[in-house]
Amino acid sequence: MTKSVFQIDAPRGRLFGIIADFERWSEWFPGCKDMKVLKNGGNTQQVELTLASVKTITMGLEFDLTPTQLINFRKISGKDVKEYAGSFRLMNSSDGAGTVVVGEMEMDAGAMVPKFMVGRIMEKSLAQTAEALKARIRTAPHNPKYEAEDEQAAAAAAGAAAGPRPHKRKRLIHVLQRSDGYRVWVMGKTYFYKAQ
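Counting in the numbering used here, the sequence shown runs without a single skipped number right up to 421 at its last residue.
Be aware that a few hints might be false.
Unchecked claim - Heads up, simulated DMTMM-like pairs for lysine to aspartate or glutamate below, C-alpha to C-alpha not over 20 Å straight-line:
(1) K261 x E248
(2) K359 x E372
(3) K228 x E348
(4) K300 x D405
(5) K228 x E331
(6) K280 x D246
(7) K419 x D405
(8) K370 x D246
(9) K414 x E348
(10) K414 x E308
(11) K307 x E331
(12) K340 x E356
(13) K261 x D305
(14) K261 x E273
As the list claims (entries may be wrong) - Using C-beta positions, here's what the derived DEER-type ranges look like:
(15) V338 x P369: 38 to 48 Å
(16) P339 x P366: 37 to 47 Å
(17) P369 x V306: 12 to 22 Å
(18) T364 x Q421: 43 to 53 Å
(19) P369 x Q421: 34 to 44 Å
(20) A360 x V262: 21 to 31 Å
(21) P366 x I398: 35 to 45 Å
(22) V409 x K349: 21 to 31 Å
(23) K419 x A360: 20 to 30 Å
(24) T281 x S319: 15 to 25 Å
(25) M337 x D234: 39 to 49 Å
(26) P255 x P339: 35 to 45 Å
(27) P366 x V325: 15 to 25 Å
Just so you know, these hints were derived from the structure itself, not from any lab. Cβ atoms here follow ideal geometry from the backbone N, Cα and C, with glycine treated the same way.
Model the full structure from these sequences, guided by the hints.
If you want it as structure tokens, here you go:
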């Protein structure tokens, strides 16, 4: 699993709206030649992504969305890579000046590509995605669906600032059951287990 943490000077809802607008990925996502939404099931969407790099790669991806907080994805079809999965976790920055994004990606390209090369490709992809998101913030159309949640959160934060804040328990483990198995988050690391 390759992990990258970066900060973007934009509200969480605005950033989430850009990432979740899959039909516009070809306008900003590095290497994206085409992205088609095949099935829109609310917070679960299936898309066909075509990447143009050394070789054109087409794969089906399923995205699970937790609005303004988390975007999980995994490969559901395609023959160019064996496995491809990851997530983008969005959090308000501690200084209140934007959003911290934790990007995680994992890919199994098969026996022909060494793992160290896959790791470098994933690191480069996450770095390019961070730069592309920073540039896209300036040009992307606004998505009121997710940006309204930013306004509600700001109002709630203003109200909470007036009174004492309750202690929030820290989470050591989080298990999410999905149609293909389980996604387990343990102390900062994400693991995927397939159902049998």
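Outcome of the hint check:
1. K261 x E248: holds, 6 Å
2. K359 x E372: OK: K359 and E372 at ~17 Å, within 20 Å.
3. K228 x E348: holds, 8 Å
4. K300 x D405: holds, 11 Å
5. K228 x E331: Within the cut-off at roughly 9 Å; holds.
6. K280 x D246: Roughly 25 Å separates the two Cα atoms, so the pair is violated.
7. K419 x D405: holds, 6 Å
8. K370 x D246: holds, 11 Å
9. K414 x E348: holds, 16 Å
10. K414 x E308: holds, 18 Å
11. K307 x E331: holds, 11 Å
12. K340 x E356: Not OK: K340 and E356 at ~25 Å, beyond 20 Å, violated.
13. K261 x D305: holds, 18 Å
14. K261 x E273: holds, 5 Å
15. V338 x P369: 38 to 48 Å: holds, 42 Å
16. P339 x P366: 37 to 47 Å: Hint holds: Cβ distance 41 Å, inside 37 to 47 Å.
17. P369 x V306: 12 to 22 Å: violated, 36 Å
18. T364 x Q421: 43 to 53 Å: holds, 46 Å
19. P369 x Q421: 34 to 44 Å: Holds - the Cβ-Cβ distance for P369 and Q421, about 43 Å, lies within 34 to 44 Å.
20. A360 x V262: 21 to 31 Å: 23 Å Cβ-Cβ, so the 21 to 31 Å window holds.
21. P366 x I398: 35 to 45 Å: Cβ of P366 to Cβ of I398: about 38 Å, so the range 35 to 45 Å holds.
22. V409 x K349: 21 to 31 Å: Because 27 Å falls inside the window, the suggested range holds.
23. K419 x A360: 20 to 30 Å: Distance hint for K419, A360 is violated at roughly 36 Å.
24. T281 x S319: 15 to 25 Å: Because 41 Å falls outside the window, the suggested range is violated.
25. M337 x D234: 39 to 49 Å: Holds, since M337 and D234 (Cβ atoms, about 41 Å apart) stay within the stated range.
26. P255 x P339: 35 to 45 Å: Roughly 22 Å apart at Cβ, these two residues miss the hinted range, so it is violated.
27. P366 x V325: 15 to 25 Å: This hint holds: roughly 24 Å between Cβ atoms.
Checked against the numbered hints above, the structure breaks hints 6, 12, 17, 23, 24, 26 and satisfies the rest.
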